[in-house]
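Chain residues, written in single-letter form:
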Amino acid sequence: GAVVSQHPSRVICKSGTSVKIECRSLDFQATTMFWYRQFPKQSLMLMATSNEGSKATYEQGVEKDKFLINHASLTLSTLTVTSAHPEDSSFYICSASLSSRSRTDTQYFGPGTRLTVL
Amino acid sequence: RKEVEQDPGPFNVPEGATVAFNCTYSNSASQSFFWYRQDCRKEPKLLMSVYSSGNEDGRFTAQLNRASQYISLLIRDSKLSDSATYLCVVNRQDSNYQLIWGAGTKLIIKP
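Taken in sequence, the protein lines are chains A and B. The opening residue of the first sequence carries number 6 in the working numbering; numbering runs sequentially from there. The opening residue of the second sequence carries number 557 in the working numbering; numbering runs sequentially from there.
Treat the hints with care, as some may be off.
Quick list of simulated restraints, FRET-style, between CB atoms [as the list claims (entries may be wrong)]:
| no. | chain 1 | residue 1 | chain 2 | residue 2 | range |
| --- | --- | --- | --- | --- | --- |
| 1 | B | Ala623 | A | Leu81 | 43 to 49 Å |
| 2 | A | Ala7 | B | Ala573 | 33 to 39 Å |
| 3 | B | Leu602 | A | Ser14 | 16 to 22 Å |
| 4 | A | Glu64 | B | Ser637 | 44 to 50 Å |
| 5 | B | Lys601 | A | Gln34 | 17 to 23 Å |
| 6 | B | Glu559 | A | Ser10 | 27 to 33 Å |
| 7 | A | Ala77 | B | Ala576 | 41 to 47 Å |
| 8 | A | Ser23 | B | Asn611 | 44 to 50 Å |
| 9 | A | Thr85 | B | Ser624 | 41 to 47 Å |
| 10 | B | Ser624 | A | Ile17 | 41 to 47 Å |
| 11 | A | Glu68 | B | Gly565 | 30 to 36 Å |
| 12 | B | Gly610 | A | Ser20 | 48 to 54 Å |
Because the hints were derived from the structure by calculation, they are not lab data. In this text the structure is predicted, and so the values were computed from the model without any measurement. All residues carry an ideal CB built from backbone N, CA and C; glycine is no exception.
Can you make the complete structure from the sequences, with help from the hints?
Dropping the structure here:
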């Protein structure tokens, strides 16, 4: 099946620093990539949807200036958490879709990145 | 009210037993339904889709009740490896096929 990787898998940083998370589709071209955040014991929350070559679409309540998304190619999307604060500590998961309609049976998840902001 | 609601559990079940979870969803425009499994600190993995007629995959049976807007998952002959959090997911056609996730039901299978 299709493989999606994320890097880094875990990051610990000081408050105020920026953290970049990469999401790559390894053996397919992803039309659409999604970024989710999951706090402990809570559901995954979609943060934004990014299509290659265009601006990301952010969900309500997600600050686009704080969570910068770049989808420069069909195999790479990056999420940068700018000026991270302890409340940004979470599990960030990306997924990649073969279809612009993002049906879940064509959505493949990365292994996630655990961010801890001190 | 949450769009997708699940009993958080945990469900503590002896090995070999049958266990069932339900999930309710609020948006009648929902088109597709899924159960995902998530192990601790890992990404979710698709367990099975849920079809209107109900469907079975080995020890797992999923059912959909559109009238009452709930989805169920039945696990028979539970194994220790079934211990995980089970996430109910709904895909809404009226929202660019956005996935709406339940918070999950934690299942612990005990020997």
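- Query: Is the gap between the beta carbons of A/Glu64 and B/Ser637 within 44 to 50 Å?
  - Reply: violated (34 Å)
- Holds or violated: 33 to 39 Å for the Cβ distance of A/Ala7 and B/Ala573? holds (35 Å)
- If you check the beta carbons of B/Gly610 and A/Ser20, does the distance land in 48 to 54 Å? Since B/Gly610 and A/Ser20 have Cβ atoms about 50 Å apart, the given range 48 to 54 Å holds.
- With respect to the beta-carbon atoms only, verify the hint that A/Glu68 and B/Gly565 lie 30 to 36 Å apart. holds (33 Å)
- Does the Cβ-Cβ separation between B/Leu602 and A/Ser14 fall within 16 to 22 Å? holds (21 Å)
- Item | Beta-carbon spacing of A/Thr85 to B/Ser624 - inside the hinted bounds 41 to 47 Å or not | holds (43 Å)
- Message: Taking the Cβ atom of B/Ser624 and the Cβ atom of A/Ile17, is their distance within the range 41 to 47 Å?
- Response: Taking Cβ atoms as reference, B/Ser624 and A/Ile17 lie about 45 Å apart, which means the hint holds.
- If you check the beta carbons of A/Ala77 and B/Ala576, does the distance land in 41 to 47 Å? Given about 45 Å between the Cβ atoms, the range holds.
- Task: Using the beta carbons of B/Lys601 and A/Gln34, state whether their distance is inside 17 to 23 Å or not.
- Result: holds (22 Å)
- Item | Cβ distance range 44 to 50 Å for A/Ser23 and B/Asn611, holds or violated | holds (45 Å)
- Message: Quick check: does the Cβ-Cβ distance between B/Ala623 and A/Leu81 fall within 43 to 49 Å?
- Response: holds (44 Å)
- Task: Evaluate the given range 27 to 33 Å for the C-beta pair formed by B/Glu559 and A/Ser10.
- Result: holds (30 Å)
Hint compliance for this structure: hint 4 is the single one not met.
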